[in-house]
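Chemist: Protein chains in written order, with this note's numbering: chain A, 1 to 93; chain B, 1 to 216; chain C, 1 to 317; chain D, 1 to 545.
Some hints could be false.
Each computed SDA-like pair below joins lysine to any residue, with the alpha-carbon atoms no more than 20 Å apart [what the hints assert, rightly or not]:
hint	chain 1	residue 1	chain 2	residue 2
1	D	Lys543	D	Thr198
2	A	Lys11	B	Arg94
3	A	Lys11	A	Leu91
4	C	Lys252	B	Met51
5	D	Lys120	B	Leu168
6	C	Lys252	C	Arg227
7	C	Lys112	C	Gly192
8	D	Lys349	C	Arg282
9	D	Lys120	B	Phe160
10	C	Lys112	C	Lys47
11	D	Lys543	C	Pro59
12	D	Lys528	B	Lys116
13	C	Lys112	C	Val10
14	B	Lys123	D	Ile141
15	B	Lys123	D	Lys349
16	C	Lys198	C	Gly173
17	D	Lys349	C	Phe38
18	C	Lys134	A	Arg62
19	C	Lys134	C	Leu77
20	B	Lys123	B	Leu168
21	D	Lys349	C	Phe43
22	D	Lys349	C	Glu174
23	D	Lys349	C	Arg161
24	A	Lys11	A	Arg93
25	D	Lys543	C	Arg56
26	C	Lys134	C	Ser117
27	D	Lys543	C	Pro58
28	B	Lys123	D	Lys543
29	D	Lys120	B	Asp65
30	D	Lys349	C	Gly173
31	C	Lys47	D	Thr198
32	B	Lys116	B	Phe160
33	D	Lys349	C	Val217
34	D	Lys349	C	Gln94
35	C	Lys198	C	Gln94
Everything labelled a hint here was simulated from the structure, so no lab data went into it. Just so it is clear, the structure is predicted and the values come from calculations on it, not from any experiment.
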Amino acid sequence: MDSHAAAAQRKTYFLVFGALLVLTLTTTGVAFINLGPLNTPVALAIAMIKAALVMIYFMHLRHSTFLTRVFAGAGLIWLLHFIIFTMSDYLTR
Amino acid sequence: MAEIHGTAALAHQFDDPEQQVEASTLGMWTFLATEILFFGGMFVAYIVYRMSYPQAFAAASHHLDIILGTINTGVLIGSSLTMVLAVYSAQMGRRRGQILFLAATLVLGLIFLSIKGVEYQHKFHEHLVPGAGFQFIDADPRHAAIFFSLYFAMTGMHAFHMVIGAGLIIWMARRAWRGEFSPAYYTPVEMLGLYWHFVDVVWIFLFPLLYLIGRH
Amino acid sequence: MFEDLPLFPVRASTFAGQVDTLYFFLVAMATFFVVLIFGTVIFFTAKYRRRSATERPPPIHLDMRLEILWTIIPLILVMISFGWGASLFVHMSQAPEDALELRAVGRQWMWKLQHPSGAREINQMHVPVGKPVKVILASEDVVHSFYVPAFRIKMDVVPGRYTATWFEATREGEFHLFCAEYCGTQHSGMIGRVVAMKPVDYQRWLTSQASEEPIAVSGERLFQQLRCESCHQTTSNEKGPTLTGLFGRRVKLESGESVLADEAYIRESILNPHNQIVAGYRPIMPTYQGQISEDALHQIIVYLRTLGRAPEEKNPS
Amino acid sequence: MSVVAERTVASQARPPRRHYLNVNYGVRSWLLTVDHKRIALLYLVSITLFFFLGGAAAVLFRLELLTPRADLFEAETYNKLFTLHGLVMIFFFLIPSIPAVLGNFLVPLMIGARDLAFPKLNLLSWYVFIIGGLFTLTAAIMGGVDTGWTFYTPYSSTYSNSYVALTVTGAFITGFSSILTGLNFIVTIHKMRAPGMTWLRLPLFIWSHYATSLIMVLGTPVLAISLVLVALERLFQLGIFDPRLGGDPVLFQHLFWFYSHPAVYIMILPAMGVVSEIVPCFSRKRIFGYTFIAFSSIAIAVLGFFVWGHHLFVSSQSVYAGLVFSFLSMLVAIPSAIKVFNWTATLYKGSIVYRTPLFYALGFIGLFTIGGLTGIFVATLPIDVHVHDTYFIVAHFHYIMVGGAIMGYLGGLHFWWPKITGRLYPEGWARFSALIIFVGFNLTFFPQFILGYLGMPRRYAAYPDEFQVLNVMSSAGASILGIGYLIPLIYFFWSMRYGPYAGANPWDARGLEWTTASPPPTDNFEYKPQVSQSAYAYDEEQKVG
């Protein structure tokens, strides 16, 4: 890696860190505003954005092979499936 | 995972360093997929009970310290930054930077655990630890107890992962000290980074789910 | 000779014949495939045994038609079993409105039953033939399962909630009642008998069970003993809503949702009153968790139901 | 090296002077080995011990069931015995059986690698397995556990007075050995294949192990956390499942079966892989419908995660969920049927030679067919309402796990025994014991289908008198089966010393593992394998290098 690209990468890390802090404060702040039923979805959406930032930039999924991304997604998709199918029982009781 | 000797750290079962890096990366991500499902069991329980007893969960969540929670989130994100910088330093071949950033990560991790410990202690004093001594004056104490059961199970399991991570950081810093890594070979640091960021991601979800219910 | 070696269970409910017909269909299908596979395998192994050490049979290439054929045929067959099974299952999970309601409680390691007339039984269940019977199940400890093989019914008895099953007996006799879900040391001792009898005999048996008051009356007495009436009166007041005419209605909650006031709701409201507060009321009701037995809960719920029902249903026979 | 020349030499030759077994000696050389072949043998020894322990428990409680009363043991002892049997057989025998022994030995050999991707993790997995086993055995010795291997709450978390926490800790720890094995296989199969070994040239044994590994990695952690929660509830009243603490016991069943249903496929898929190797070899034919068998393995692994609710049909699960899970369970029949038909078609116009592994494979096909078809019975909702938790279920899953998985395991063990040890087992004794096992198995478990439809619940220490005749048949079969299993134990030991030398390829089989010496050298191959043909090129000469 040449020094220019390296500097750029370093800068990205700090930008992502800043974004994560801002999002953390946002989610805490938003929690005190009454959005009706939307509070939880908003909090989860922010959490997902933060998680995506960490995974893409800090965990280098941006530079990963297709196979790595598949395995990174597999766990999440499987958890989603687990949740949906369990709730298919609880929500139809 | 591989036998390492300086830059020529190619384990006997691999043909070339590239194969070795790819195998390690894939192995680590597969392990993280396992970890997602491990925490996933508790997330499923959480969702089931929160949908069944929303009031009790909101009432119980109000007993968590949102300020300490937010600070801790920041601390953990900061530790992710220092961790990624440690990997970056390893990649650049900066041994000193690598060790310093690993140390910073360790310190931030320990701060997180200490704050968590303070929170646990408060819960203990407020009789919010499930079991015989549990006291909850608000409505529906039985289901509030489920919230706290899940709170302790989830954050406890998370903290357990951090403790393991801290141990790995110390080990990795020692190896860095001995000059085992170079721009040509720093896979173990990278893998440790993946693990640490994963623990961070788990907390990113735990924070809103546990601390931020019905605050308005 | 089959007295010692029964090979097929008796059929004693309307379900039994229906379930067995489906079972025979599956047995026929299974037999066909088992004979097909075993036959083909044995035939091929005998016919194509190696004749010389050097022979090398030419490869048989993939035949898509064959692959599709043996994908489609099993698919059709399992879809038939699914559809057939699903329709019967849905029928079996909906008890008729006019069913006679028995209340059962499972505990380690016995079955307690109570009839609407108040008659109580332990490890026995007397039922009339030719009349749908619904059994509402509760558990005092662990998971049990209410199983009457002759009726082809089974339902888990789950602590913390009500479950139910129903049947219509078709012949008189005594049948096994088993606990089918492992429940601890004396699990195999948690058995009883079901006695199916002619409706007149059932009535006679009920009247012979002297001195028991109807289940709703016990419930009313409990309602007074537990001082429920100090808040829940015949008209709503600021302490609590009236329970008259509650059962089967939709109730608007403080959270904005509305729920159906069924047995599960009433049960939950007694045990966890603060979880579902009725709109306009304060959460002041104490919980009765741990202070009221499953039997008593059954009785109070039956009593509350009579408050909202036509009077002739007070004494179902 | 010329292929023909190599084979002629190998078939006469004694084993190579240096191979993985004699490269070094001593306890240390085994306990600290990172050679996948030696680790496979460590597993073989350990799971064999567990197998006979679990089998002994089964023989004991089958003896108890000879009479309708609980007279040989008390009900409590009976309950602890069937729990021990289930726990040991599932977690400590069936799940590691083929993957950790044959898979460990063969995956690198079959794909032309020197070892698994992470040899130290592989050794670690064995230690984890042993530690988990020691926990469970300690619990058994201290007084045992009586919850059934399913640990249903709230019985396990609150009511049982036995060593539940210790036992679930054992099962929890062992789970990680399974995860590590699966992880290792996934990475190895993706990254360590020899040049030319494309996905569609892989042996089906590898495909089925890949599918199995996916289940191990994605399912096992859920079991682990469920068991942790049970232990926390038991030790610290952390209420998650106990209704007295506000929890829902059915949630545990969801969490438990999310893993434990796919776990059945962990047991059966590798056995399917074994059969897919044996049948073509002894019919000297390319396997029929290779791609269909390969992808049906993946289909079974994935679909296997969509059907767990069929264990909850009578558990007060919603009717809607019951319908969904019944529908999806039916679909698993399709890939299973595809496999059975393709194996059968492979025999067609083959050049079939009768050897013990083939008998096991054919036994597998037949018994698995019965197990699979009765699976359709129990996926059909009203039938399951009647037979759920009766002996019908017991018979059904033993047809899958014993008739299927153990038949496959024994078939594979015979098939690769010459590769593992360099020596042949005695064919006559092997056939004899295969016959005994087949007869004993059917006598044990077929009567249980009838018992189950009659309505006899499982886990009953005592039962109504009219069930006795069928129970006596079953117990008689169990003792025959037990003897059948002892015979191979004896002759395998015998053959290690006295069996004739096998040579590199005694069965004239294809596949890379047969191109190297028996027993193989530590690095598996003397040369770097180059692959240019399918693993089933029985109509061609074997091409090597």
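Chemist: For every hint, state whether the structure bears it out.
Modeler: A quick look at each hint next to the structure:
1. Lys543/D x Thr198/D: Holds, at roughly 15 Å.
2. Lys11/A x Arg94/B: Judged against 20 Å, a Cα distance of about 17 Å means the pair holds.
3. Lys11/A x Leu91/A: violated (46 Å)
4. Lys252/C x Met51/B: holds (18 Å)
5. Lys120/D x Leu168/B: Since the Cα atoms of Lys120/D and Leu168/B sit roughly 17 Å apart, the hinted pair holds (cutoff 20 Å).
6. Lys252/C x Arg227/C: violated (24 Å)
7. Lys112/C x Gly192/C: holds (10 Å)
8. Lys349/D x Arg282/C: Since the Cα atoms of Lys349/D and Arg282/C sit roughly 81 Å apart, the hinted pair is violated (cutoff 20 Å).
9. Lys120/D x Phe160/B: The given pair, whose Cα atoms are some 23 Å apart, is violated under the 20 Å limit.
10. Lys112/C x Lys47/C: Violated. Lys112/C to Lys47/C sits at ~63 Å, over the 20 Å cutoff.
11. Lys543/D x Pro59/C: holds (18 Å)
12. Lys528/D x Lys116/B: violated (54 Å)
13. Lys112/C x Val10/C: The given pair, whose Cα atoms are some 25 Å apart, is violated under the 20 Å limit.
14. Lys123/B x Ile141/D: violated (39 Å)
15. Lys123/B x Lys349/D: violated (74 Å)
16. Lys198/C x Gly173/C: OK: Lys198/C and Gly173/C at ~10 Å, within 20 Å.
17. Lys349/D x Phe38/C: holds (17 Å)
18. Lys134/C x Arg62/A: With a Cα-Cα distance of about 60 Å, the restraint between Lys134/C and Arg62/A is violated, given a limit of 20 Å.
19. Lys134/C x Leu77/C: violated (33 Å)
20. Lys123/B x Leu168/B: violated (29 Å)
21. Lys349/D x Phe43/C: The hint holds at about 11 Å.
22. Lys349/D x Glu174/C: Since the Cα atoms of Lys349/D and Glu174/C sit roughly 58 Å apart, the hinted pair is violated (cutoff 20 Å).
23. Lys349/D x Arg161/C: The hint is violated at about 61 Å.
24. Lys11/A x Arg93/A: At roughly 52 Å apart (the allowed maximum being 20 Å), Arg93/A and Lys11/A break the hint.
25. Lys543/D x Arg56/C: holds (16 Å)
26. Lys134/C x Ser117/C: Since the Cα atoms of Lys134/C and Ser117/C sit roughly 15 Å apart, the hinted pair holds (cutoff 20 Å).
27. Lys543/D x Pro58/C: holds (18 Å)
28. Lys123/B x Lys543/D: Judged against 20 Å, a Cα distance of about 69 Å means the pair is violated.
29. Lys120/D x Asp65/B: Violated: Lys120/D and Asp65/B sit about 43 Å apart, past 20 Å.
30. Lys349/D x Gly173/C: violated (58 Å)
31. Lys47/C x Thr198/D: Given pair Lys47/C, Thr198/D is violated - Cα atoms ~35 Å apart, limit 20 Å.
32. Lys116/B x Phe160/B: holds (12 Å)
33. Lys349/D x Val217/C: The hint is violated at about 79 Å.
34. Lys349/D x Gln94/C: The given pair, whose Cα atoms are some 54 Å apart, is violated under the 20 Å limit.
35. Lys198/C x Gln94/C: Distance ~24 Å between Lys198/C and Gln94/C Cα, so the pair is violated.
Consistency note: the structure conflicts with the earlier hints numbered 3, 6, 8, 9, 10, 12, 13, 14, 15, 18, 19, 20, 22, 23, 24, 28, 29, 30, 31, 33, 34, 35.
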